[in-house]
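Q: Okay, here's what each chain looks like letter by letter:
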Amino acid sequence: MALADKYQSVVDAANANGITEFNVQEQGDVLYITGMAPSEEAKQAVWDARTAMDPDMRESDLVLTIGVSDQSGFYEVQRGDNLTHIARDHGVSLQALEDANRDVVKNPDRIFPGQKLVIPNA
Amino acid sequence: MKIDVRRKVVIVMGCLLPAVLAMACSKGPDDATITTNVRAKIAADSPALANAVTVTTLAGAVTLTGAVDSDAIKSKIEQDAKSVEGVKSVANNLIVKPPITFSPDSTIKTAVMANLAAQKITGITVEVANGEVTLTGTIERAKLQDAMKAANDAKPKKVINQMTIK
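Going line by line, the protein sequences match chains A and Z.
Residue numbering for the first sequence follows the working numbering, beginning at 1 and increasing consecutively.
Residue numbering for the second sequence follows the working numbering, beginning at 123 and increasing consecutively.
Bound conformation, chain A alone:
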């Protein structure tokens, strides 16, 4: 657990930011910190704690894998967008994107700049 002590500030940041499914495990001289963050901001706070320790990120004894449990959000359609590209850029399926926006998008082939789309959880 020597590495867990080295990276205590990262563990503390995870605890302070409501990381769930949290696991800290050392294996083969690498510390694995995993969990799910309630938001991108929470994930960022954990990463900032790591960056504070190792600004150039040259240390290879830590793998920090923090997912974000609520990835839903909104996206404003830009000129030239289409649903296929928006789905791909947000890592969701076209079907999921269409299903989440049936109220807004009557015809999936016609979306307009300025429309606000719901981006479902991946």
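In case anyone wonders, no lab produced these hints; they're calculated from the structure.
Treat the hints with caution; some may be incorrect.
[Unchecked claim] Below, in silico cross-link-like pairs of lysine to aspartate or glutamate (DMTMM-like), each with a Cα-Cα straight-line distance of 25 Å or less: (1) Z/Lys196 x A/Asp5; (2) Z/Lys277 x Z/Glu254; (3) Z/Lys271 x A/Asp54; (4) Z/Lys271 x A/Glu40; (5) Z/Lys280 x Z/Glu207; (6) Z/Lys265 x A/Glu41; (7) Z/Lys204 x A/Asp5.
[What the hints assert, rightly or not] Listed next, with one range per pair, are the computed distances between beta-carbon atoms: (8) Z/Ala166 x A/Asp99: 25 to 31 Å; (9) Z/Glu207 x A/Glu59: 28 to 34 Å; (10) Z/Glu207 x A/Asp5: 54 to 60 Å; (11) A/Asp56 x Z/Glu200: 38 to 44 Å; (12) A/Tyr75 x Z/Thr229: 52 to 58 Å; (13) A/Ala16 x Z/Ala165: 19 to 25 Å; (14) A/Val118 x Z/Glu262: 28 to 34 Å; (15) Z/Ala166 x A/Ala16: 49 to 55 Å; (16) A/Asp99 x Z/Asp193: 46 to 52 Å; (17) Z/Ser192 x A/Gln95: 32 to 38 Å; (18) Z/Ala165 x A/Arg79: 18 to 24 Å.
Quick reminder that beta carbons are idealized off the backbone N, C-alpha and C, glycines included.
Given chain A, work out where chain Z should sit, using these hints.
A: Okay, now just chain Z, sitting in the frame of chain A:
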């Protein structure tokens, strides 16, 4: 006769008191003190470990619960607990976590590439061997964290950052 009885009582008390005091002394530290001392002993090796392990003591019998990384650590903690004064027995209920497993190199590489693309990061070479990701190329400092997130989020065995930071 009354005097004799009093004398007897005094004599009996005189014998009992040291015995009672000796028993009290031989009881040693109380349970709360034992718990504190066991925790301190573990923390001396690793503060993080002390947080991961729960120590409870009842009449000198210590119970250890929690999850640790290896059998070696599990037995080390038991030895730590046994070495503390006043501990009569140790129930080692610590669980050893199952080892972490990793996806095939090709899966990890695909995930890193997709994560980099989602962050619109280009010009970085991703090599994966035996689960270890090596990043080379040139990265702006403002994008360094995003590039490292892209690699770490793919759940690799290790991330080796050989990128030139500009």
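Q: Look at each hint and say if it fits the structure.
A: Hint-by-hint comparison with the structure:
Between the alpha carbons of Z/Lys196 and A/Asp5 the distance comes to roughly 17 Å, so the proposed pair stays at or under 25 Å and holds. As the CA atoms of Z/Lys277 and Z/Glu254 are separated by approximately 10 Å, the hinted pair is consistent with the 25 Å bound. For a cut-off of 25 Å, the pair hint linking Z/Lys271 to A/Asp54 stands: about 14 Å separates their Cα positions. The hinted pair formed by Z/Lys271 and A/Glu40 meets the criterion: a straight-line CA distance of about 12 Å does not exceed 25 Å.
At roughly 42 Å between alpha-carbon atoms, Z/Lys280 and Z/Glu207 are farther apart than 25 Å, so this suggested pair is violated. Between the alpha carbons of Z/Lys265 and A/Glu41 the distance comes to roughly 17 Å, so the proposed pair stays at or under 25 Å and holds. Using a Cα cut-off of 25 Å, the hinted pair Z/Lys204 and A/Asp5 holds, with the two alpha carbons roughly 24 Å apart. The beta-carbon spacing between Z/Ala166 and A/Asp99, approximately 56 Å, falls outside the hinted interval of 25 to 31 Å.
Checked against the given bound of 28 to 34 Å, the beta carbons of Z/Glu207 and A/Glu59, roughly 40 Å apart, lie outside it. Distance hint check: the CB atoms of Z/Glu207 and A/Asp5 are about 26 Å apart, inconsistent with the given range 54 to 60 Å. The supplied range of 38 to 44 Å is met by A/Asp56 and Z/Glu200, whose beta-carbon atoms lie about 40 Å from each other. The supplied range of 52 to 58 Å is broken by A/Tyr75 and Z/Thr229, whose beta-carbon atoms lie about 28 Å from each other.
Checked against the hint of 19 to 25 Å, the C-beta distance between A/Ala16 and Z/Ala165 comes to roughly 20 Å, which is consistent with it. At about 32 Å, the beta-carbon gap between A/Val118 and Z/Glu262 stays in the expected band of 28 to 34 Å. In this structure, Z/Ala166 and A/Ala16 break the distance hint of 49 to 55 Å, their C-beta atoms being roughly 25 Å apart. Taking 46 to 52 Å as the suggested C-beta distance range, the pair A/Asp99 and Z/Asp193 conforms, at roughly 49 Å.
Taken as a hint, the range 32 to 38 Å is violated for the pair Z/Ser192 and A/Gln95, whose Cβ atoms sit roughly 45 Å apart. The hinted range of 18 to 24 Å is not satisfied by Z/Ala165 and A/Arg79, whose Cβ atoms lie roughly 60 Å apart.
In the structure shown, a violation is registered for the earlier hints numbered 5, 8, 9, 10, 12, 15, 17 and 18, in ascending order.
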